[in-house]
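Given chain A, put chain B in place with the hints provided.
So the chains spell out like this:
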Amino acid sequence: MDYFVDLLIIGLSVGMVYALVALGISLIYSGLDIVHFAHGEIYMIGAFIGLMLFQRLALPYVPTLLLAIVLTGLLGVVLERLFYRRLTRTGGGYTVAGMGMIIAGFGMSIVLQNIAFLLWGAKPLPFPVPFGRPLEVGNLTLPMSYVWIVAAALVLMVGLNGVLKKTRIGLAMRAVAYNKDIAYLSGVNVPMMISLIFGVGCALGAAAGVLIGPINYVQVLMGIGVLIKAFAAAVVGGFGSLPGAILGGLLVGVVESLGAGFISGTYKDVYAFILLIVVLLLKPSGILGVEAKMKA
Amino acid sequence: MLEIKDLVGGYDSLQILNGASLKVGRGQIVALLGGNGTGKSTLLKATSGLLKPWSGSITFDGERIDGLRPDRIVRRGLVQVTQGKETFPGMTVEENLLLGAYVVAGRAERAASIERVYGYFPILKQKRNQLSGSLSGGQLQMVCIGRGLMSSPKMIMLDEPSAALAPQVVLDIFRTIHRISRDGMTVLLVEQNVRMALLLAEYGYVIKDGVMQIEGPAEQLFHDDNVRLSYLGGTVANREGQL
Numbered sequence: 001m002d003y004f005v006d007l008l009i010i011g012l013s014v015g016m017v018y019a020l021v022a023l024g025i026s027l028i029y030s031g032l033d034i035v036h037f038a039h040g041e042i043y044m045i046g047a048f049i050g051l052m053l054f055q056r057l058a059l060p061y062v063p064t065l066l067l068a069i070v071l072t073g074l075l076g077v078v079l080e081r082l083f084y085r086r087l088t089r090t091g092g093g094y095t096v097a098g099m100g101m102i103i104a105g106f107g108m109s110i111v112l113q114n115i116a117f118l119l120w121g122a123k124p125l126p127f128p129v130p131f132g133r134p135l136e137v138g139n140l141t142l143p144m145s146y147v148w149i150v151a152a153a154l155v156l157m158v159g160l161n162g163v164l165k166k167t168r169i170g171l172a173m174r175a176v177a178y179n180k181d182i183a184y185l186s187g188v189n190v191p192m193m194i195s196l197i198f199g200v201g202c203a204l205g206a207a208a209g210v211l212i213g214p215i216n217y218v219q220v221l222m223g224i225g226v227l228i229k230a231f232a233a234a235v236v237g238g239f240g241s242l243p244g245a246i247l248g249g250l251l252v253g254v255v256e257s258l259g260a261g262f263i264s265g266t267y268k269d270v271y272a273f274i275l276l277i278v279v280l281l282l283k284p285s286g287i288l289g290v291e292a293k294m295k296a
Numbered sequence: 001m002l003e004i005k006d007l008v009g010g011y012d013s014l015q016i017l018n019g020a021s022l023k024v025g026r027g028q029i030v031a032l033l034g035g036n037g038t039g040k041s042t043l044l045k046a047t048s049g050l051l052k053p054w055s056g057s058i059t060f061d062g063e064r065i066d067g068l069r070p071d072r073i074v075r076r077g078l079v080q081v082t083q084g085k086e087t088f089p090g091m092t093v094e095e096n097l098l099l100g101a102y103v104v105a106g107r108a109e110r111a112a113s114i115e116r117v118y119g120y121f122p123i124l125k126q127k128r129n130q131l132s133g134s135l136s137g138g139q140l141q142m143v144c145i146g147r148g149l150m151s152s153p154k155m156i157m158l159d160e161p162s163a164a165l166a167p168q169v170v171l172d173i174f175r176t177i178h179r180i181s182r183d184g185m186t187v188l189l190v191e192q193n194v195r196m197a198l199l200l201a202e203y204g205y206v207i208k209d210g211v212m213q214i215e216g217p218a219e220q221l222f223h224d225d226n227v228r229l230s231y232l233g234g235t236v237a238n239r240e241g242q243l
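Protein chains in written order, with my numbering: chain A, 1 to 296; chain B, 1 to 243.
With the rest of the complex left out, here is chain B:
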């Protein structure tokens, strides 16, 4: 579904991606792991079109999308949910969501999309007429993910959906991501919460200094000594917890 090959890019003259490659198959959840400043968000921005890649290729659904404008990429069915829970605080929850369906022309389809999102996040339906500025962190994250789903994309890229949220809320969000994936969505999950991400994903990549350092099935990464030492605190031996 998505194939990134030898991607090089960055901001102005600061090179951050040094030939990163990554593949996400249709219907998969793939985790992209790595610490701060390793190029995770840069990779997503280059894929969604917010940054123009310097070289390398990005193929989505069989077609090259590198260098396209972000709204064109959204129209092709690839949506990025940025980190930082950015909403439009002066708009209601419903307006925020409707904005996500901007590329959807039909009123009936937009209404169907919003009901689907309310199905995933019932709390948003209760708060539909509140300004999003009044929501809690977890609810803001729900608005962001919901907005990403509104255009009924083929694939969604989530940038640290668990960041700065309470553990119980993180669990809720991850359960919903699991449901969204089960309903047929392809997901690229960028996370620092390595354990949760690997529990959810089928395949994982670890990025460092703008290139993929380790990759493999999630199960294998979970037991990989390097990953464990670097990101899991070194002592976790068994997969615990069920989603």
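Okay, chain A solo, but in the shape it has when bound:
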């Protein structure tokens, strides 16, 4: 029983990390109509930025996390303005530029990997954060790194929900995600909102990277695996649905952890995809997904 609970806790905390990345992917998809295939690299760069802040500037962990989120968010805004915007049609359109966007995402992924390789080298770097003694709850022992992941991710998710539901900017972001023409005609500066959505999506990825750092090494190729898991999470939950991304992330994390613990650790990466296939067979739009809206 304890073994089961341990696995569940590990699964939930890793699932939170997948959920954050999936949230970013879903947010960008709903706002820009693009599937951002370089999001794993954003996560990796966020982790490296966090590591640099933590080690070189010797910042405490919380400011490190916040600053890495902000810096990576800004990096995202720059990437959107310089590259992706050229592929979205000018004027009122901003609809899918189809394959061009997907290829651009893959290209961006390779470019970012190589930049990271030049800057930080190929060796996995440790991200040693002294979190202190594990938390004792009853007869459970929770390593503080897991507690941090869950707590920080929850704060970010609640914060994002608050911004989207309660603020004027959040209202405008939701409007842009649903119908850019009507958002425009309501006086929303649509290109700026799109940059903002992209930046927030990247910031969430960075948060995931900085949170996973202390329990994993930080390395150039860390993004690919997470991208695929987060993508599976987003599809399982319902692509483009933000609550779906969170639910999908947690499910993928838990299924993976339980599968690795009870069946075999060798096939750790397989369980997420078994889950994906089962969900797609039973409900192709994902658990919380609505029918794909028509993109004009």
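To be clear, the hints were calculated from the coordinates, so they are not data collected in a lab.
Misleading hints may appear alongside valid ones.
[As the list claims (entries may be wrong)] Simulated crosslink set (EDC-like; lysine to aspartate or glutamate; CA at most 16 angstroms straight-line):
#1 165(A) x 94(B)
#2 23(B) x 3(B)
#3 125(B) x 95(B)
#4 5(B) x 61(B)
#5 127(B) x 115(B)
#6 166(A) x 95(B)
#7 208(B) x 6(B)
#8 208(B) x 172(B)
#9 52(B) x 115(B)
#10 166(A) x 94(B)
#11 125(B) x 94(B)
#12 165(A) x 95(B)
#13 154(B) x 6(B)
#14 52(B) x 2(A)
#15 154(B) x 94(B)
Here is chain B on its own, set in the frame of chain A:
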């Protein structure tokens, strides 16, 4: 207030407007009439900034606005309400309306705007916390017009507010447009419901193949044989009904 001169434009390589010109005076209701595919909506989109005009000029309140981004045009006080009753179905009625006041910075002004809109459409106040996806067609149209009014514009352009609505609902909507106009709003009304539009408007234009074909005071257009034959079924002789 609004002057469009020799406007040429369209989608990609498809030219739809072939030099359309139109004038709307301050406080007027002007009707823009025409069948499907004559360029009515294209003209509105070019005016509101959703489409970039290819040539010609659009002057609003004394300043050129052609080629500006739509949100800039909204900030100058010219708002388009699109056809098709497009709302954000996942947002409540109130959120939909508040979005229309996005350019209004003050919380108190936004609250005043929303009360004004509820004054025109009391049913929306009752349904303020419902998702707009659950509304009827007429109520959706009210949300759209209300959203357009939320930024307190100087002029509003309505694209077929009567489309796909029951006759009684159309009458309600037109009565409200009349009230909005009486309260000082300048209105450009694009319609296929020619009779209703001409009853409401002071001046009218008939567009065909992207240029204005006929224009004149509404009274005169109503009795114009060409307009009658083309759009009024040919037999209507007298102005009946009072708004």
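Verification of the supplied hints:
no.: 1; hint: 165(A) x 94(B); verdict: holds (12 angstroms)
no.: 2; hint: 23(B) x 3(B); verdict: holds (5 angstroms)
no.: 3; hint: 125(B) x 95(B); verdict: holds (12 angstroms)
no.: 4; hint: 5(B) x 61(B); verdict: holds (14 angstroms)
no.: 5; hint: 127(B) x 115(B); verdict: holds (14 angstroms)
no.: 6; hint: 166(A) x 95(B); verdict: holds (10 angstroms)
no.: 7; hint: 208(B) x 6(B); verdict: holds (14 angstroms)
no.: 8; hint: 208(B) x 172(B); verdict: violated (29 angstroms)
no.: 9; hint: 52(B) x 115(B); verdict: violated (34 angstroms)
no.: 10; hint: 166(A) x 94(B); verdict: holds (12 angstroms)
no.: 11; hint: 125(B) x 94(B); verdict: holds (8 angstroms)
no.: 12; hint: 165(A) x 95(B); verdict: holds (9 angstroms)
no.: 13; hint: 154(B) x 6(B); verdict: violated (23 angstroms)
no.: 14; hint: 52(B) x 2(A); verdict: violated (65 angstroms)
no.: 15; hint: 154(B) x 94(B); verdict: violated (22 angstroms)
Of the numbered hints stated above, those contradicted by the structure are hints 8, 9, 13, 14 and 15, listed in ascending order.
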